[in-house]
Amino acid sequence: MKIVREALAGTMESSDLMVRIAPTEEGLEVSIHSEVMKQFGDQILQVVHATLGAMDVHQGFIIIEDKGALDCVIRARLQSAILRAAEPTEINWEKLL
Amino acid sequence: MNKLRRSMLFLPGANAAMLSTAFIYRPDSIMFDLEDAVALREKDTARLLVFNALQHPMYQDMETVVRINPLNTPFGLPDLEAVVRAGVDVVRLPKTDTPEDIYELESHLERIELACGREVGSTRVMAAIESAIGVINAVSIARSSKRLIGIALAAFDYVMDMQTERGDGTELFYARCAVLHAARAAGIDAFDVVWPDVNDEAGFLREVELIRRMGFNGKSLINPRQIDLLHNAYAPTQHEVDHAKLVIEAAEEGERNGLGVVSLNGKMIDAPIINHAQMVLERAAASGVRR
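Chains as they are written, first to last, in this note's numbering: chain D, 1 to 97; chain G, 98 to 388.
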């Protein structure tokens, strides 16, 4: 999916996260700040990159402020932000499973 | 033993913290709400939160229900596409007025199940009745689909439709009776309305006692604090459990001796009494004895 506009998803409440996305000319840049980076940083990175890969996102600037969200919440907020930032298309739910 | 559905806890679909922790409260069923509890601009993220939460191990050993948006809104069908694929157990259809509403839902469910490889018929349905016409059509709604596990009365829209307001329960009397009879005639469960004032425990317990005696299977809840209160109210007393055990023992002895009808303390024990005793013991096994 191509990121064509800026978008936000999520909140800064505990157990949630805020995802900000913006288009870039080229390349994919991901910035993650988390209260639990020391303990779960590798797992968060794995969820983020797996979600981006499943949605074919290879370009854009993504900032994540994590407040201790579960994997399923990280995936959901990132998917929401990407869908809001991309051109509207029919959602392929199988790709999001 | 039938699935117990005393407590059905509503969770706002857009609230990540509640979605992450609600399983610890162990309601009989957990109901993710994509409809009234979600603001219009958060419908898309709530759908994705629920879609992902449904697949999480924390919700695999508990019955999951999703209240989708009505199918005549832009949100209803995308909700259905998402939650069926995510493995929801039961879809709650709001504002069910006619059996045709259920037929429409069924046709979409079958199409989605076939498309994603889910067994056709495995997604169950609950119809929420929220209007005068829905109450009048309760019997035909309750009989409209093999997928139906139950029908639920929803009070807020219903009392508005009736041009009244929530009070001592008189305003819901006919609707409760109609929904309950429709459910029993169709052999499915019946669920009562939410009690909105979480700080009024006495009022909540009065209403629970009323609907338990009427015969409702349970109640929709909006706060985890109400779960234990509800389960305790649905638990049989020690006296009821002791009596039920005596009934079962007497019935078993009668069967061993080839007697069709037996008596206990001079009272006849027949099939309805034995069935009731079994239900009491099943409830005691699930809820313990009332405190």
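It is possible that part of the hints are untrue.
Pairs of lysine-lysine residues, derived as DSSO-like cross-links and limited to a Cα-Cα distance of at most 27 Å, are as follows [stated by the list, open to error]:
no., chain 1, residue 1, chain 2, residue 2
1, D, 95, D, 67
2, D, 38, D, 2
3, D, 2, D, 95
4, G, 100, G, 140
5, D, 2, G, 140
6, G, 243, G, 100
7, D, 95, G, 140
8, G, 342, G, 364
9, G, 243, D, 67
Only some residues are given here: those of chain G computed to face chain D with a beta carbon under 8 Å [claimed, not checked]:
no., residue
10, 149
11, 186
12, 217
13, 218
14, 274
15, 278
16, 281
17, 282
18, 332
Just so you know, these hints were derived from the structure itself, not from any lab. Ideal Cβ placement from N, Cα and C applies to all residues, glycine included.
Violated constraints from the hint list, given by number and in increasing order: 2, 4, 9, 11, 12, 13, 14, 15, 16, 17, 18
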